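Modelling step: build the complete structure from the supplied sequences, incorporating the hints.
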Amino acid sequence: MPIFETVFQEKPAIVLEIGSVYTKIGFCGEAHPRFIISTEIRSISDILKKSYISLYDQTAAFFTKIFFKYLLASPKDRKVSIVESVLTPTVIRECIAKVLFYHFEVSSVLFLPTHLVATATLAVENAVVVDLGFKETIVIPVYSGVQVLSAWQAQPLGSEAVHDKIKAELILNGVKEEILTDAVIEDIKVRTCFVTKQSRALSFKSKEEIQPCPDLEYPVDGNDVIKVPGQLREVAFEVLFPKDNDRLGLPYIILDAILNCPVDTRKVLAENILLIGGTASALGMTARLKAELTKLIESDYYKNRLFIQEVKFHSAPSKPNFTAWLGGSIYSSTELITSSSFTVTRENYLKNSKIPDWVNYESAFVRTQG
Amino acid sequence: MDFFLSKKIVEYACLCGVLSPLTKLYFCRHCLNLRCAFCCHHEVDSHFCSNCLENIPSSEAKLRKNKCNTCFDCPSCQATLSARATSIQVPMSTKGEGGDETDEGSASNKMVTKKMYYLACLACRWTSRDVGISDQTSQTCSWPEQEYFHSTRFQLLSEHFQAVVLCDKEEKQDYLRRKTVKTSKFPSMTDRTGLTVASIRRQIGFDKSAPKAKPKPTNITPSIATSEVEDLPDEIFTKPVNLKNITTIKQRLAQPANQPETVKHLYPQHKNLSIKRSLRCRHCEHNVIKPEYNPSSIKYRIQLFASNHVPEVRFVKADPFKIGESASIILKIINPTINDMTITIMDLPTEDEEKMAIEEMRKTFDKSVSIATKSSLTPSIMRPSLIEDPRMVDCKITGKIELPDSSFVVNQRDDSAEFDDDIQGDRQDPRFIIWRKANKVEIKLNVIPCDGLKKDDDIITGFTMQFTYSNVHTSTPEKESQGLRHALNVRVYINPGKISE
Amino acid sequence: MSKNENKVKIMPRAVVCEDSNIRGDVTISSGSVVHTSAQIIAESGPIIIGENCIIEEYAKIIHRIPTNHKLYQENPEKPHVLVIGSNNIFEVGCTVEALKIGEKNIFESKSYVSPDVTISSGCVIGAGCQLFGEQHLTENTVIYGKTCQQREALDKQGSHMLQLDFLRKILPNYHHLRKPVDIKSKTTFATSTPK
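Chains as they are written, first to last, in the working numbering: chain A, 27 to 396; chain B, 2 to 502; chain C, 3 to 197.
These are calculated hints, taken from the structure and not from any lab test.
Sample of chain C residues facing chain A (criterion: CB under 7 Å; computed from the structure): (1) Cys131; (2) Gln132; (3) Leu133; (4) Phe134; (5) Gly135; (6) Gln137; (7) Thr149; (8) Cys150.
Taking lysine-lysine pairs in the BS3-like style, the calculated list, with each CA pair at most 27 Å apart, reads: (9) C/Lys62 - C/Lys181; (10) B/Lys251 - A/Lys91; (11) A/Lys95 - B/Lys291; (12) B/Lys356 - A/Lys377; (13) B/Lys9 - B/Lys445.
Distance ranges between label pairs, derived from CB positions: (14) A/Glu373 - B/Thr465: 34 to 44 Å; (15) A/Ser64 - B/Ser143: 31 to 41 Å; (16) A/Ile197 - B/Pro58: 49 to 59 Å; (17) A/Pro268 - B/Pro58: 54 to 64 Å; (18) A/Lys75 - B/Arg363: 18 to 28 Å.
Here the structure is a predicted model, which means the values were calculated and not measured.
Where is the CB? At the ideal position from N, CA and C, for every residue including glycine.
Right under this line is the structure:
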């Protein structure tokens with residue numbers, strides 16, 4: 027142990043979580059990321075249409091920035107852990123691996139699945155991990171330290187949907203579209219909007235007359251002052267809770283994911299819900315989800331299938347937007363970074379230039395207290 | 002200078018196939034080839050703080066988490082904070098502070114002016130007083146550090162998982178040890194002598210307690226889920242918000258650990274260090290750029306900029322291009338070295354030739370890698386670097402250059418010649434050379450636009466420039482200058498303008 | 003209130019450089035300092051500048067109500083007085099057209115404030131910030147950065163008395179000063195204007 031510790035102290039592994047908007051970067055064994063920066067490679071599909079080389083170049087440029095501007099660490103012969111969703115397209119994962127091995131010559135790359143590592147921050151074995159990201163929400167239950175991949179649920183319910191809603195509403199109110207940049211919308215969302223209570227949401231829905239929260243004046247660039255209506259502040263997040271018969275809202279996909287699990291695991295899972303991802307930081311999100319879920323499990327559809335009485339939430343020792351990173355940091359500080367069957371070493375990569383996929387993933391990980 | 006060259010009118014192709022202006026290129030004098038930032042290996046050379054310009058050894062930088070001890074960034078606008086001094090009157094009493102203050106006017110109480118410091122941002126006028134940090138007695142003294150709430154829990158988690166994994170590994174090894182059939186027919190030395198690892202350890206006096214207790218996973222209390230969640234505060238529906246008290250997303254992310262939501266919790270952040278980078282050629286492992294350690298020095302210990310070694314091509318002017326008609330362009334070629342250069346202008350390689358060259362490069366490289374990977378014992382430092390996969394130049398030629406019929410000589414660079422009168426050399430210049438002075442030559446070439454171009458299409462033309470290069474800094478001194486002359490090729494791409502008609 | 007009529011009233015102890023460009027009915031209270039090539043233009047009505055203000059080089063204070071402004075449309079004939087409070091600093095190259103300015107404000111270099119903006123007290127308009135939209139800056143607002151972000155300072159900005167004292171001492175040595183003359187009573191000389 028002490029020997030390995032010194033090894034780690036010499037060159038701590040770099041842990042990256044590349045989200046669709048923000049990238050969390052830091053070193054393993056640290057309690058929080060060093061930096062959270064905006065992801066420069068957006069709209070990967072557009073880039074890919076152009077050519078693979080341009081994706082490669084942009085990835086290389088982005089990593090160069092991460093290593094030399096932020097982390098200030100020579101990547102050569104260093105271990106790198108990438109925390110990523112299991113749904114990441116293979117082409118991206120392979121591109122990242124290629125950049126890291128060929129361009130930066132790292133000694134090994136370890137890909138960690140977001141949902142699984144997030145449970146490490148809690149030291150629990152069973153949890154429904156709900157990743158509320160920018161583009162989409164992905165729910166994957168983890169049981170006994172294994173991802174129940176067959177039960178996954180994903181919907182394009184995330185900050186992007188909320189942003190679109192805010193933008194559309196403001197334009198309807200006569201705000202000029204050109205001043206509503208992504209940054210402005212995001213700032214309006216983060217600073218003024220919140221997830222309102224269930225009862226109030228229902229009242230808004232049924233067009234009842236209730237007093238919305240106070241309006242707000244938001245100055246932009248010194249030129250304009252946007253009036254943010256109180257109602258928008260409350261209902262912006264309602265896009266995540268659509269009330270229709272498609273049953274595709276946030277609470278539905280969580281319950282559906284639980285429903286896809288074996289019947290004896292459902293109660294445990296429902297009592298261990300973990301929300302991660304930037305959207306989970308929204309004010310009132312957990313409270314609202316709890317109210318919605320509690321109501322839903324009483325509904326006819328779920329009552330006779332789920333047999334659960336209550337839902338419980340975990341709070342990770344971190345801000346929700348870097349919980350997965352933190353899990354990655356914990357994983358990478360153990361010896362798994364060298365010994366895991368999922369570690370791709372430089373030698374192996376050069377030999378068969380392949381990286382393992384989650385489909386043939388062997389759980390070499392985690393067994394909490396034996 | 003950079004202005005001339007960064008307009009992407011004249012670009013050189015690096016060996017890896019990426020086009021860049023000459024100022025962005027390096028010249029490896031060991032491989033005698035162009036290198037660009039993309040295909041060189043970057044290394045962190047030294048850490049320093051960009052505000053106080055202090056050089057910080059890398060071990061110390063690691064310890065300080067790449068932050069400067071003394072300089073701070075403004076949490077509000079991310080500019081650098083500066084320490085401001087104020088003087089306050091403190092009673093010089095030995096009774097200790099906080100006691101009843103006697104009448105300040107009384108002469109018996111001596112007042113002493115004491116300098117106190119606080120941090121202030123010159124851009125947004127944020128001060129450390131805004132968040133209630135009391136003034137400090139010295140500029141560099143430790144400002145109160147922000148505590149991270151979750152760090153103890155994280156420590157526990159981290160230790161726990163480390164132990165779990167280690168335990169797991171040990172078990173597996175144990176199992177394997179028992180399972181594996183001894184491959185050797187002969188009993189090993191330790192078997193025969195009855196020496197076990199444990200007894201050897203004891204003999205050497207390594208550890209009295211001998212067989213180390215197996216690592217046992219520490220017990221950790223798992224997080225407990227709760228159905229009690231924080232509800233929205235009721236006042237949110239009634240109380241107007243003061244936007245100025247809520248932090249922006251940028252301010253939050255600048256403090257990734259705590260991500261404060263109100264401005265009251267913005268704390269000054271230690272300034273991040275900067276680095277000096279050195280570049281290394283991946284083919285021969287020699288440095289092409291190595292800066293001096295001293296942060297305030299802008300000099301280099303090794304500087305192999307291409308513009309000091311490779312003749313520079315500048316675009317001077319061109320006749321208007323018309324479809325199907327040849328037009329002349331004038332280029333200036335400058336010799337930056339202290340030896341005369343003979344320059345030959347040749348055709349660019351065709352696509353097939355380019356492919357073949359790339360294939361060739363890959364092959365030679367694969368060979369060296371396979372040799373190195375076979376002997377797995379080679380330490381990582383000895384391993385050859387991987388090279389970037391060479392690629393085709395991403396540039397379509399739309400104008401063909403009529404090659405000049407002969408090569409020509411560009412005189413050496415002679416700084417003193419600047420002040421001499423124009424000495425007309427007795428050289429008989431070929432006709433396409435229209436001007437010559439010191440180490441500069443202007444040549445006139447004809448360009449024929451390709452078929453199928455429309456008005457306003459860019460003309461891109463190019464040539465391979467072969468030049469003689471005398472390697473003066475070589476490690477093999479026995480050869481005389483004659484033997485050191487190399488004929489090198491670089492590919493140059495020029496965009497002289499658009500088709501006007 | 004014709005535009006050509008210059009009624010510059012300089013109170014005693016104010017230091018106003020002769021090369022400054024002051025047009026219209028302008029009153030400069032005691033203790034204020036106006037540098038050379040500063041412009042104070044009172045077109046739509048008188049300007050009264052409070053005590054201990056500093057108006058630096060190339061700073062422009064313009065009192066001109068645009069025709070599309072609320073005040074003009076309500077009553078174009080009604081005279082409007084621009085009262086600038088005390089202890090304001092107008093730094094090099096700023097342009098201020100605001101119609102209401104409190105005290106202890108700082109207009110940093112190259113900033114711009116349009117007539118639609120009203121400014122209370124203790125505000126700072128950061129260097130290069132341009133404020134156009136109709137808005138009211140509450141007390142102690144600080145505008146900074148490229149995107150004109152706002153924040154609230156804990157208290158008003160520190161005093162600039164040291165700088166004022168220095169300027170009052172130094173400026174007369176290098177510049178011709180306007181005599182603090184009251185136009186109506188013809189002769190009221192300052193205590194001393196050393197040359």
